[in-house]
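Undergrad: One-letter residues, chain by chain:
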Amino acid sequence: MATVRTKVLSIIVLQLGLSAAIGWLVRQAGAPIGAPVAVLAFVAAFAVVASFSVRLEFRSQQVTFTLAEAVFAVALFVVGPMGAAIAGGVGEALVWARHRVRPLKIGFNVTNQLCAMVVGGTVFWLFQPGSPEHVGGWLAALAATLCYSLFNLAGLAGVLSATEGRRFPTIFLQFALTGSAVALTSGPLGLIGLTLFRHDPFAPLLLAPLCVAVAFNNRHATAQRDEHLRFERLYGAGFRTARLVSFDDAVTAIATEAQTLLTGSGAICISESATGGWIAVQVDASGPRPAEPSLVRGLLAIAYGRDCTELAVDALPPELRVQLAGAATITLASSSDGSPAPVVLGVLRTPVSGDDTPESRIQTLSAFMTHATMAVGNARLLGEVEEALRQQVDLNRQKGDFVAAVSHELRTPLTAMLGSVGTMMRLEERLDGEGRHKMLVMAKDQGMRLKRLIEELLTVAAAEHTGMDVRHELVDIRRLLVDVRTNLQSTTAARVVVESDAVEAVVSDRLKLQQILLNLVENAGKYAPDGPIEVTVTESGGRATFAVRDHGPGIPLADRGRVFERFVQLDQSSTRRNGGTGLGLYLCRQLAEALGGRLDLGDAEGSGCVFTVTLPTGDVTAARAAAALRRAAPGRVVKESIAMSRPLEGARG
Amino acid sequence: MSDGSRRCLVVDDDPAIRDILVTNLEAEGMDVRTADNGDDAVRVARELASTLDLIVLDVMMPGRDGYAVLGELKADAATCEIPIVLLTAKAGEDDVWEGWKSGADYYITKPFSIEELMYFIDMAFGSTVA
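Protein chains in written order, with my numbering: chain Z, 618 to 1270; chain A, 4 to 133.
The set of hints was computed from the structure by calculation and includes no laboratory data. All figures in this text were calculated on a predicted structure; none of them were measured in a lab. Where hints are given, some of them may not hold.
Keeping only pairs whose Cα atoms sit at most 20 Å apart, straight-line, the calculated SDA-like set for lysine to any residue is [to be verified]:
1) Z:Lys1055 x A:Val25
2) Z:Lys1068 x A:Val25
3) Z:Lys1061 x A:Pro114
4) Z:Lys1143 x A:Pro114
5) Z:Lys1061 x A:Phe115
6) Z:Lys1068 x A:Pro18
7) Z:Lys1143 x A:Pro18
8) Z:Lys1061 x A:Pro18
9) Z:Lys1055 x A:Pro18
10) Z:Lys1061 x A:Val35
11) Z:Lys1055 x A:Arg49
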């Protein structure tokens, strides 16, 4: 705020000083002021004429033109250059007093008008013109009018350049062409009137119909042109924001377009990304940047889900006022509450930006909001599509890796199987009885290894690609652990120490749970050749935890993340000796996730390692009741049990 | 085999494959040594050096893999003359090319037949035995 006010105030002071200096010098040199009554009459004329202002727009820059040039040309001859300047300045002040705008804006416009008229008057006086009937007089009046108009526009361009950071030559050139054209048509109109008046005081009335016609036509044309330009700009902004870009780029583009659309000094676009966070971009003369979180929170609180509105920055809460320093008003629009792609848009304007009305800005921004919501929605969609594509590519690569690994894993036992048979065929009698037996056992072992590998692969494939059917049934923990033990090799089973008294039962899929525990205990048996294998079951907060702990060498910290990957065998030679496939832990984790739980490698104190399966206990009481019901009326429960077993989504975790 | 005193080193992390290779090579009267990882392979090869007539080397091994062992042995003047037969379960086009490029004398993909392997081993010795 301070910077813009300071800039405008310095321009006002500069203009006042300039007009005073020029006026004083020209007055010293003998320029006439004219009779006070005549000057007052011209003040009134300026005030009236300014009311019939015509707003023209040239390349998105709006400039207000009046018939002031005509009155100025006449005043130059009647009250002299200094009288005309004074009348113009005071007349302008009267017009602005009517507008409910900020004092700074009024101050600038009045001094700008006064200074431009003093400059124009001085040019006129330097020509030392004769009467308005002579060519010399006309030329002097036209030169003065042109200078007045150009100086006026230069002041306007200067203040816009200073406050909105745009390049002065660009703005000035945009104004100058239209400004000169209007000055050179409006000025002669006044001179024609004056010449007619000299012949007959009522003769200028002949021009009245023309003036009225022009004025009406202009108003009409202006209104239509405004509407047309608004559509054109909206269309352009909509077109430029409709491109498929990333979410952040879309938000930046919307802010930039909104700023241009409302000829603001800056803009903020806030939108909710697909991941749920608010993304906010603020643009101004220095370019786009992320908006301050406090500003974003404040604006969302004021605008989100509300109708489009324009607020004075001074009326905002103090913390927002500080953030928006430099701006006079903020025009706010929001997508409707509950929109799938929420957007809040704010356009900041300095005290001197443009001349259009708040109503037209609100209308324009509301209309643009439709585009903005669509653009953000599209950007989110694009992000989702790109993400889905990336996942597909990733999945495809994973599948490729999987196939390569499977091919490798299948080849090894196959080679050994073919090799042992081939050896027997090749060596025949050269192989003694013991050697032949060894080869036969090897062929069988490798065949079993291949069989187990294929079975596990099929289970993994089913889990990954078709999803798993998960039953929800009452699982008696004690019985489950007995079943696990009976499936183990006798040497391993003898080492298992169970502690499960804390939990009696859970609602889960018995076979899958058994498969997981069996795998974990077998693993413990393989990797920890000695010591007990402790299986403990505990319950806490509706979740049951099965821990399988061994006292073997444990797993190095660096390898801990990899144990659940497919075909990762940390100690391949020992795994192969035990007929492992490298799929066991991967499969266990898939199963645990299918059961709504998880499988983790915990921290074992001392040596060894501990794997924990955490599962929801489920509603054991209800399951017991259902089981009792099943015993009482077996026919009814078939349906219920189907309803309870559902295909599991997200088995891939 | 024409020469029974030939000495051979078999390197494979899979005990079954190792057993098969040993059985077949010993049946030919060879003196067979084994190693189940890359480090041991390099150590044994350096120890035996000039007395070693052939190395059968698996590619996929935990720790230092077959390519690394091959590179090290071929770079060492003491061992660079020993013929090496490379075994691998990787059968992609790139893998086969990688195997040939690596400087191995012979390259066999798993699964292979014993006849095929013995043929390559004989080629490595520079003599053919039925």
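Undergrad: Look at each hint and say if it fits the structure.
TA: Hint by hint, here is what the structure shows:
Using a Cα cut-off of 20 Å, the hinted pair Lys1055 (chain Z) and Val25 (chain A) holds, with the two alpha carbons roughly 12 Å apart. The straight-line distance between the Cα atoms of Lys1068 (chain Z) and Val25 (chain A) is roughly 26 Å, outside the 20 Å bound, and the hint therefore fails. Between the alpha carbons of Lys1061 (chain Z) and Pro114 (chain A) the distance comes to roughly 17 Å, so the proposed pair stays at or under 20 Å and holds. Simply put, Lys1143 (chain Z) and Pro114 (chain A) have alpha-carbon atoms about 27 Å apart, too far for the 20 Å limit, and the pair is violated.
For the hint linking Lys1061 (chain Z) to Phe115 (chain A), the alpha-carbon distance of about 18 Å falls within 20 Å, and the restraint holds. With a C-alpha separation of about 19 Å, the suggested pairing of Lys1068 (chain Z) with Pro18 (chain A) holds against the 20 Å cut-off. Restraint check for Lys1143 (chain Z) and Pro18 (chain A): the C-alpha separation of about 16 Å stays at or below 20 Å, so the hint holds. Distance restraint check for Lys1061 (chain Z) and Pro18 (chain A): the Cα-Cα separation of roughly 15 Å lies within the 20 Å cut-off, and the hinted pair is therefore satisfied.
Note on Lys1055 (chain Z) and Pro18 (chain A): the hinted pairing holds, with a Cα-Cα distance of about 12 Å set against a maximum of 20 Å. Straight-line distance between C-alpha atoms of Lys1061 (chain Z) and Val35 (chain A) comes to about 25 Å, which puts the hinted pair past the 20 Å bound. Distance restraint check for Lys1055 (chain Z) and Arg49 (chain A): the Cα-Cα separation of roughly 31 Å exceeds the 20 Å cut-off, and the hinted pair is therefore not satisfied.
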